[in-house]
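Number of protein chains: 2
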Amino acid sequence: MKELKLALLGFGNAGQAFGRLLLDKEEEIKKTYETEIKVTVIATASKGNIYDPEGINLRTAIEDINEDGRFSEKHRLTQLSTMELSKEADYDVLVEMTPLNIFTGQPAADHIKTALGRRKHVITANKGPVAWFFRELSHMAHDADVCFFYETTVMDGTPVFNLAEKTLKMAKVTEVSGILNSTTNYILEELAKGEDYDDIMERGRKMGFIEADPAMDIEGYDAAAKITALLNVLMDAGITPDQVRRKGIEDITAEDIGKAKERGKVIKLLCRGFRNEKGEVEATVEPVEISENDILAGINSTTSIVSITTDLMKKISVIEHEPEIEQTAYGVFSDLLRVLDRVAYNK
Amino acid sequence: MKELKLALLGFGNAGQAFGRLLLDKEEEIKKTYETEIKVTVIATASKGNIYDPEGINLRTAIEDINEDGRFSEKHRLTQLSTMELSKEADYDVLVEMTPLNIFTGQPAADHIKTALGRRKHVITANKGPVAWFFRELSHMAHDADVCFFYETTVMDGTPVFNLAEKTLKMAKVTEVSGILNSTTNYILEELAKGEDYDDIMERGRKMGFIEADPAMDIEGYDAAAKITALLNVLMDAGITPDQVRRKGIEDITAEDIGKAKERGKVIKLLCRGFRNEKGEVEATVEPVEISENDILAGINSTTSIVSITTDLMKKISVIEHEPEIEQTAYGVFSDLLRVLDRVAYNK
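Just so you know, the sequences run in chain order A and B. Basically the numbering used here = 1-based index in the first sequence + 1. Basically the numbering used here = 1-based index in the second sequence + 1.
Rather than coming from a laboratory, the hints here were simulated on the basis of the structure. Errors might be hidden in some of the hints.
Below are the DSSO-like pairs computed for lysine-lysine, each with C-alpha atoms no more than 27 Å apart in a straight line [to be verified]:
#1 A:Lys260 x B:Lys266
#2 A:Lys194 x B:Lys266
#3 A:Lys262 x B:Lys194
In this text, all values refer to a predicted model and were calculated from it rather than measured experimentally.
With the rest of the complex left out, here is chain A:
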């Protein structure tokens, strides 16, 4: 039985859901890959850090968080910081799930660079590093001959990057578009129903899919980071989120939506990118009027869509329907299975 040691950076809802999934699939992984997964590091901002080269008891770690909100003395607590653990701890795969700074991609990108510099595999659920540092990180991973996977960064575990890489071989991506931000999608939908803006925000916050400060969503920064990540990976765009022509929904009024409706249209915050005549990739995020009969008009609430146009397969789309936190966990898990494919089978 081989071993694969994971360092989990970040242990919020998604990290804990990933932990539960690891526990559920422990036996299946052993059977399929003849490999035992051990978590040696869990680093958090506010719950404490634990490090055990022999393997953390993941079940009690999750219980600790649920019961007390932080790790107990049952575990080997450490004063080492997240960055120090990235640098020094014993692990084979760094799993980056720390909170995102959408304007810098940090400190996630530095954690990842540290791991890649140590020739460790990296899985990130954090879109910042893919939006801000994709070329550098992918070159580092290539030179170190290790995996760098990021399926979760757009649409959770819904295959987008893997779809293009694994199933659209030799097809060249010419255009990417999508509805990728559920907060704005929900707000626009509710405004169209005639709901009041403040009521929408209050309800959305209660339901957990509008953040306390929703500016990152409403002003289109989140969507810009996602389309940048998509274009960097699928079209080798080499762009950063600040190069996206970005317009949020902050100026969209119920009246705009009503007028659009009279013309048989709905308003959606659409992300798009394509290669222009100079060979550069241009990207936009902006509210767009969509025909009520269009597929995009049916993308409501937390559902999202990515459309990928290639020279050989024209346009295909992938939809994620109303995901929950388990779907984020599955994205990280599916990347882990790809690492296992490589480690166990050299695939």
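Here the structure of chain A is known, so what remains is to put chain B in place on it, guided by the hints.
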């Protein structure tokens, strides 16, 4: 430089488009896989058969068909039948693209069995064999340790089977649904616009997406074969198309559609399959009223959709937007690249 020899059974529009794609990508394949693709057999129902173990000139073969509708003396014509060629010719990969008998899956299934019996790889664009004989064929391929690929059989080259196999690892499929027949989809859409049935049929035939005898589509047989293929592969259903509860659109009137519209609904021919309490897979094809706001309501004309529900990723959908014959060719081509992955890299 290695060699991989293909036997093409069937050389209609899709076969010729596949031939053109092979020619376009000849150099890229050589470079990527260090393998030269040679076509040694082209077998057709009405254009003659050619067999050249040294490799057919694919370019002149396509020219022959375009100019004269049959192969000329430039090629090594043979009197061997399609079945005899399957049995005796020198090839590594059988590419099955003969016309479909939807009620039997034959003679395509027998061609495939013959090739698998000879331990040759098989790619089929023909849904019949996957709908009628999937378990037998996949067991034969497994025992012979060869590839048996069929991505094209549902939604052309849009990844459906590959998506599940390559990108949804360890996720268990619990339900599959979709709009999979463009003829009926087009007819229902045009009826909803108030068009006359006979006019629709005439126009659809001229545009090339309604067949001379559209009964297979209208009565739901084509859709039943497709959902069967999906369920056999994705859920190990072990069913045949005659086990699908099937209702076509032959009884749907403009009045039905109008009444649905008054309720904010459209009618679509929906395919569905799920595992029942006994653990058996149940499948249906039937006209269903869909809310106008639903994503499915936006699936119009030749666009189609498959939704796959799994335990770990809930529901995701894949859409193919208005495909043409090149997208069918790409499906076969992408399967060929998977064969090359296996042959060249043992992946």
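Output the indices of the hints that this structure fails to meet, ascending.
Checked against the structure, no hint fails, so every one of them is satisfied.
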